[in-house]
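Novice: Could you build all of it, start to finish, from the sequences and the hints given here?
Protein chains in written order, with the numbering used here: chain A, 147 to 672; chain B, 78 to 380.
The set of hints was computed from the structure by calculation and includes no laboratory data. From the three backbone atoms N, C-alpha and C, an ideal C-beta is built for every residue, glycine too. Any given hint might turn out to be false.
Stated by the list, open to error - No farther apart than 25 Å at their CA atoms in a straight line, the calculated lysine-lysine pairs in the BS3-like style are these:
#	chain 1	residue 1	chain 2	residue 2
1	A	K455	B	K319
2	B	K167	A	K455
3	B	K298	B	K215
4	A	K197	A	K214
5	B	K168	A	K455
6	A	K455	B	K97
7	B	K332	B	K319
8	B	K167	A	K550
9	A	K366	A	K302
10	A	K550	B	K287
11	B	K190	B	K215
12	B	K167	A	K167
13	B	K287	B	K298
14	B	K190	A	K455
What the hints assert, rightly or not - Ranges of calculated distance between the beta carbons of each label pair, as one might list FRET restraints:
#	chain 1	residue 1	chain 2	residue 2	range
15	B	C152	A	R157	23 to 33 Å
16	A	N454	B	S261	51 to 61 Å
17	B	A150	A	V559	23 to 33 Å
18	A	T166	B	G313	57 to 67 Å
19	B	K97	A	D517	33 to 43 Å
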Amino acid sequence: MSLDRAFYIARREYVENIRTKGFWFGILMLPIMLLIIAIVPIIINSTKAPKSYTVIDQSGWLHESIQKEIDHRDFIHYLSEPIDSTFHTPFDDLRRLVNNEDAQSLSTITANLFSSPLAVSADFDALQIPTTTKQQIIKNRDAARQWWHSLSRQEKSKLSARISTNHFLLSRHKDLTPSALNKAIQANELFAYFKIEADPLRSSSPVLYVSNNLTDTELKSWLQQFATDVVRKARLKDKNVDPTIASWINEPLIFRGIQIDAEGHEESVNSDDVIRQWLPVVFVYLLWISILISSQMLLTNTIEEKSNKLIEVLLSSVSPLVLMAGKIAGIAATGLTIILFWGAMLLMILGVLPQVLGASLPPLGEIILSDPWFLGSFIVYFILGYLLYAAILVGLGSVCNNLKEAQNLTLPVQLIQMLPLLVMIPIGKDPNGLLAQTLSYFPPLTPFVMMNRAAAPPTSMEYFLTTLLLLISIVVALWVAAKIFRIGILMTGKPPSILAIIKLLRQPVVFQPTDTNNSFLPPTEK
Amino acid sequence: MSAPRYSLEIEGVSKYFGDKVAVRNLSANIPTGSIYGFLGPNGAGKTTTIRMIMDILHPDNGSISLFGGLTPANCKDRLGYLPEEKGLYKKMRTGELVTYFGLLKGLSRADAKRKAIASLEKFGLGHVINSRCDTLSKGMGQKVQIIATLLHGPDLVILDEPFSGLDPINVEIVRNIILELKQSGNTVIFSTHVMEQAEQICDYIMLINKGEKILDGTLEKIKQSSHETIQIEYEGDNACPKELIGVSRVHDMGKMAELSLNEGADPHQILQSLMGRIKIRSFQVKQPSLHEIFVRQIGSSAE
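Specialist: So, in structure tokens, the structure goes:
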């Protein structure tokens, strides 16, 4: 009989929230901010002017070798750049062949293959690709190399964002004396210079790196890596080690991740799996922020209702329980609307983003939608988590007259609400560890922690017990909240302390319910 | 089915807030079809009593029975309540707001909507049906609240300080609404601390102070059982003299004054002594005003 009234109250709450411009503006802010955070660094990076540097080379050979090595790496970057349907280069067919195959091992081998015109190494022969493909690669490689060497620096830099000249530019200083270069650095004409000693193969001759900015080590590490590479090769050559043996020695050992699937078979880990592993973290954050927003909205709303003097009219029509239930339900609907809106935005952005960035991203949208259980549990955990915090905050909020009082009184709750963010990463790393398991049984954290653990699913028993505990807590919290709400909502003046509220709960005479039909909760005692 | 004699029977009701007594052992019977005034100074317990009738608060002792035996919780839909502190949902439209309160009182959607539009138009608010409540003037807002209170056709209407903050035109409108309710057989309880308003329309009054009933009954009987007073109108800047032989108290309103007489005092003598000191325009010996009764009663209970 009172359910329809609770529904009217819920609907009014919902409609009033949904139809304000501020509401939509507010919930639009999050996706926009996330988008800005994601895109701006990429744009800034791509528009950043390259750092200019130069090298004083007293060895007479190292600098030149390094530059050759850098140029060769740039060539490899070009070859391994994903094929773009709008940007064509002369050797796209060759690139397609190189790129088509399983990336890691092939790229190393192709790098070697393209580095020495003579060697078709044993590794290349051993590659599990069709012979015709191999023949085509070999047929085209010399032509490709020639074409590459004919290009100017500017032409090369356009071929891939990873080409080195987009980041570090060798400046053509004529006066290569330290004093002249120091001046250039001071005048900001030069970012840094390197000074290579006469015999770099000796262990005790460091390369000097001179710059006014020693915190940005990007350039230094980048050049160091090439220099080390070249020096190693030179040392091997110095000791008459065969170049093919030398490159074999230099080859890194490749590690491949394997996981066991549901049927107990081994399967290789691809990027989709990594995303599945970390996707729950994204959803925990979404869960956290939507529960936070909704429960805070309820708190604000309760206090507003109290201060706009309508509470008496409402209470003369419906019981406090119905009023409270209606309010909680109305804000829950608002929260679900926010989530659905964000979900839709997220899928839309994930659909559009790859085109905007011109980069290939894994099909996040498909991965998310392919797991209805995951999405379902998200909605369920939102509702349960929201109900728990809603009960606590509506009870406390009902005794306050303004937001400032409410903030003081609800501080402990708000601290607990921050916890999920703190434990999110540790639990994501070890979803079935002791921390994760223990915190799952702490009802205010259950929704977040269990969501966090979804990648390596907890046992059904854990799901059952934690959910049961959470449900019990919700019922208890709602019952206590209803008791406080009954008198709190009419209270004026200074809000009572938490202790005083607990004392109030022990005075049942104030709460005599005369109409138990109106209650959806266990009846309070007489 | 004939209406019970009393719409509301209050029987020995008490309410305490901690150690503070809000209402103590209060009993009253409110006849069906009457206009009944709850009078008393601020903080006397009027609002607490009303809240108990409305099932917003629960009495610690005693019982409240409505319409011949119902408890407040079981007949909320037959009651209409305009609280002292009045507010509206600022962002809601007037028509929606009135409809909403009708729904909460158990009207069907169609009924609530139809009645809301009809009532708003009846009270000259047809042009603001689609305006947001925060655009209404204070008087309009108060009218909207009264319309919302009465939309579901309550048998018993409780108005807490319905005239506060209204200009004379709106006071007149509200007064007419109350009289109309009475004519159609509804019972109206209203509380006020402004005695003149109660005097004009109440059939019955109850005077409350510090949570206790001081007197109740028909307005006529209460007036007859009190000493007569002298009521004068005067001109000039001089105040009405306070020290007069045979006068126990003077209630000076600036251009008018009410003089309370001692036992056996002679009105003629008093007129004479007044005439030497202020310019009298009218002089009447009559039943005391409710204000005078109020001051006498509250004054004596304070002593």
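Novice: Confirm or reject each hint.
Specialist: To see whether the hints hold, each was checked on the structure:
{"no.": "1", "hint": "K455(A) <-> K319(B)", "in the structure": "violated (43 Å)"}
{"no.": "2", "hint": "K167(B) <-> K455(A)", "in the structure": "holds (11 Å)"}
{"no.": "3", "hint": "K298(B) <-> K215(B)", "in the structure": "violated (37 Å)"}
{"no.": "4", "hint": "K197(A) <-> K214(A)", "in the structure": "holds (19 Å)"}
{"no.": "5", "hint": "K168(B) <-> K455(A)", "in the structure": "holds (15 Å)"}
{"no.": "6", "hint": "K455(A) <-> K97(B)", "in the structure": "holds (24 Å)"}
{"no.": "7", "hint": "K332(B) <-> K319(B)", "in the structure": "holds (14 Å)"}
{"no.": "8", "hint": "K167(B) <-> K550(A)", "in the structure": "holds (22 Å)"}
{"no.": "9", "hint": "K366(A) <-> K302(A)", "in the structure": "holds (22 Å)"}
{"no.": "10", "hint": "K550(A) <-> K287(B)", "in the structure": "violated (33 Å)"}
{"no.": "11", "hint": "K190(B) <-> K215(B)", "in the structure": "holds (23 Å)"}
{"no.": "12", "hint": "K167(B) <-> K167(A)", "in the structure": "holds (15 Å)"}
{"no.": "13", "hint": "K287(B) <-> K298(B)", "in the structure": "holds (23 Å)"}
{"no.": "14", "hint": "K190(B) <-> K455(A)", "in the structure": "holds (24 Å)"}
{"no.": "15", "hint": "C152(B) <-> R157(A): 23 to 33 Å", "in the structure": "holds (25 Å)"}
{"no.": "16", "hint": "N454(A) <-> S261(B): 51 to 61 Å", "in the structure": "violated (31 Å)"}
{"no.": "17", "hint": "A150(B) <-> V559(A): 23 to 33 Å", "in the structure": "holds (32 Å)"}
{"no.": "18", "hint": "T166(A) <-> G313(B): 57 to 67 Å", "in the structure": "holds (59 Å)"}
{"no.": "19", "hint": "K97(B) <-> D517(A): 33 to 43 Å", "in the structure": "violated (60 Å)"}
In this structure, the hints that do not hold are numbers 1, 3, 10, 16, 19, in rising order.
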